[in-house]
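A.B. asks: This is what each chain is made of:
Number of protein chains: 2
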Amino acid sequence: MDALTPVDAGFVLADLDPGSTPGMSDKKHAARDLDSRRATLDKLQERLFAESRFGGTRSVLLVLQAMDTAGKGGIVRHVVGGIDPQGVHIHAFKAPTDEEKAHDFLWRIRKQLPQPGSIGVFDRSHYEDVLIHRVRGFSPPEVIEERYGIINNFEAEVAASGTTIVKVMLHISKDEQKKRLLERLDRPDKHWKFNPGDIDERLLWEKYQEAYQIAITRTSTTDAPWFVVPANHKWYARWAVQGLLLDAMTRLDPQWPAADYDVDAERARLLAS
Amino acid sequence: MDALTPVDAGFVLADLDPGSTPGMSDKKHAARDLDSRRATLDKLQERLFAESRFGGTRSVLLVLQAMDTAGKGGIVRHVVGGIDPQGVHIHAFKAPTDEEKAHDFLWRIRKQLPQPGSIGVFDRSHYEDVLIHRVRGFSPPEVIEERYGIINNFEAEVAASGTTIVKVMLHISKDEQKKRLLERLDRPDKHWKFNPGDIDERLLWEKYQEAYQIAITRTSTTDAPWFVVPANHKWYARWAVQGLLLDAMTRLDPQWPAADYDVDAERARLLAS
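Heads up: the protein sequence lines correspond to chains A and B, in order.
With full-length UniProt numbering, the residue at position 124 of the first sequence is 124, and numbering never jumps.
With full-length UniProt numbering, the residue at position 110 of the second sequence is 110, and numbering never jumps.
In isolation and in its complexed conformation, chain A is listed as follows (with noise of 0.2 Å):
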């Protein structure tokens, strides 16, 4: 995964391609990949479990970010729907409930963290709140001026804690994105995915892409740094999400942990019963 650094206060979003693959040209490789550290994977998120019942504190925390259709629910469905899903916590954040608002922004986050040994997804996350919120004026600019460094502050604590952090912005064109709902409206099998509201947000195309321009810059940082993922070919976008992932579990080497009961004396135990 050489080709995807995090994001740096110099990136420029608009200066990267969405039909671009960076680090991998060949679709059957990708696919090959994708089928064979799948089980990598899962092993790795074994370990992790196996380690926090015996006291370890250690997760992982996926963040999904991206304009409709990018591929979000394939990326779940593919790259975590290989792993045991009793080592997975995925959690879509929708609009947020009356009691949500009542909170502050982060409050329905927390809520959601993973648990030491598994994986978190969230699909859609805290960066609502500084995206659309942006974008449609939900809350006053010195409000989300406010919030990069609230984030910041959040995240260096849940990874202070035990979470390695790995954000991922999924970038495709609008172009991509009219072919795809024009998809979603053409195939009956497909009309439950399409809303209208998906329209409304896409009339404000350039303001997203601003507001994902200056979140992404101000929130990446060395305990949670962004990747921006090419999307406009999702066998790619799944490709480089899953390399970033066993990165991510790679460098935590989750070990089997030693027993704390003695072995012996339970196997005496356990022949006499």
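Quick caveat, the hints were computed from the structure, so don't treat them as lab data.
Among the hints, a few may not be true.
Since the list can't tell identical chains apart, any single copy or any two copies may satisfy a pair.
As the list claims (entries may be wrong) - Dumping the calculated BS3-like pairs for lysine-lysine here, alpha-carbon to alpha-carbon at most 25 Å:
#: 1; residue 1: Lys193; residue 2: Lys43
#: 2; residue 1: Lys94; residue 2: Lys43
#: 3; residue 1: Lys193; residue 2: Lys178
#: 4; residue 1: Lys101; residue 2: Lys111
#: 5; residue 1: Lys179; residue 2: Lys28
#: 6; residue 1: Lys111; residue 2: Lys28
#: 7; residue 1: Lys179; residue 2: Lys43
#: 8; residue 1: Lys94; residue 2: Lys111
#: 9; residue 1: Lys43; residue 2: Lys190
#: 10; residue 1: Lys43; residue 2: Lys101
Note that the coordinates shown come from a computational prediction; the quantities given were computed from them, not determined experimentally.
Mind docking chain B on chain A? Use the hints.
C.D. replies: Using the frame of chain A, we list chain B on its own:
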């Protein structure tokens, strides 16, 4: 799945051989079924989810109960693991917390019921309150006696709200459990799966069998039937539980919902954007 019929009042747990494989004698055939039916199950769940997006309220709840090592985890991994993780909600009920103990025994259960469109899986459940509670005397006999009726009423209410309930007891023999616990002690990569308390429970094997016999005959209803799945052979148990889940989903027969917006108008709006 003709071979697996719901538990009725005349059912005798002790008469069911945990090493039997009713309805399927060929391990390879079962493995092929497991693979091929995974996609069917996934598609049915997607339709159920689609339905829920346009007002559908139906869901499925799989309740798994068993003695330790009987293979609940393997069922979740191999049967439920083939379904889009976004459509699945798995919850493992552990010993209740102080907060949970302060409420009635169904309080924590209600919070984990599946959302419309999804498949919920309970790894252990409210049945612990009539199983371990009975065996260990955590609750007085008259309280436990009352609970069977409370559970039946609760499940009838859940079923009436649109949730199809499938309850499964994985049935292993005492010898098979010894073999499996021994493996956990013999393999360092399995040590984390062993808990000295597992042997304490094992020493009460016969009392647990009796508690199961009473619980399943008293709470197997039309709304929420119990199925006892012989589980000495893991390949069989997975195949059988997948079959039960598939039966439930097939009976629901979810359909792609019709659009609740004007498709042509939205297409025109999209093309102009």
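A.B. asks: State whether the alpha carbon distance between Lys179 and Lys28 is at most 25 Å within one copy, between copies, both, or neither.
C.D. replies: Classified as within; 23 Å inside a copy, 43 Å across copies.
A.B. asks: Tell me, please, which holds for Lys94 and Lys111 at an alpha-carbon limit of 25 Å: within, between, both or neither?
C.D. replies: both (14 Å within a copy, 19 Å between copies)
A.B. asks: State whether the alpha carbon distance between Lys101 and Lys111 is at most 25 Å within one copy, between copies, both, or neither.
C.D. replies: both (14 Å within a copy, 21 Å between copies)
A.B. asks: Between Lys193 and Lys178, at a C-alpha cutoff of 25 Å, which is it: within one copy, between copies, both, or neither?
C.D. replies: within (14 Å within a copy, 50 Å between copies)
A.B. asks: Since the copies are identical, ignore which copy is meant and state whether Lys43 and Lys190 lie within 25 Å (CA to CA) inside a copy, between copies, both or neither.
C.D. replies: For Lys43 and Lys190, only the inter-copy Cα distance (13 Å) is at most 25 Å; the intra-copy one is 34 Å.
A.B. asks: At most 25 Å between CA atoms: does that hold for Lys111 and Lys28 within a copy, between copies, both, or neither?
C.D. replies: Neither: 39 Å inside a copy, 44 Å across copies.
A.B. asks: At most 25 Å between alpha carbons: which applies to Lys94 and Lys43, within, between, both or neither?
C.D. replies: between (31 Å within a copy, 24 Å between copies)
A.B. asks: How do Lys43 and Lys101 come out at 25 Å by Cα distance, when the copy is not named: within, between, both, or neither?
C.D. replies: Neither, since 39 Å and 35 Å both go past 25 Å.
A.B. asks: Go through the copies and call it for Lys193 and Lys43: within, between, both or neither, with a Cα cutoff of 25 Å.
C.D. replies: Cα proximity of Lys193 and Lys43: across copies only (15 Å, versus 33 Å in one copy).
A.B. asks: Checking an output row: Lys179 and Lys43, CA cutoff 25 Å. Within, between, both or neither?
C.D. replies: between (37 Å within a copy, 24 Å between copies)
When each numbered hint is compared with the structure, violations occur for hints 6 and 10.
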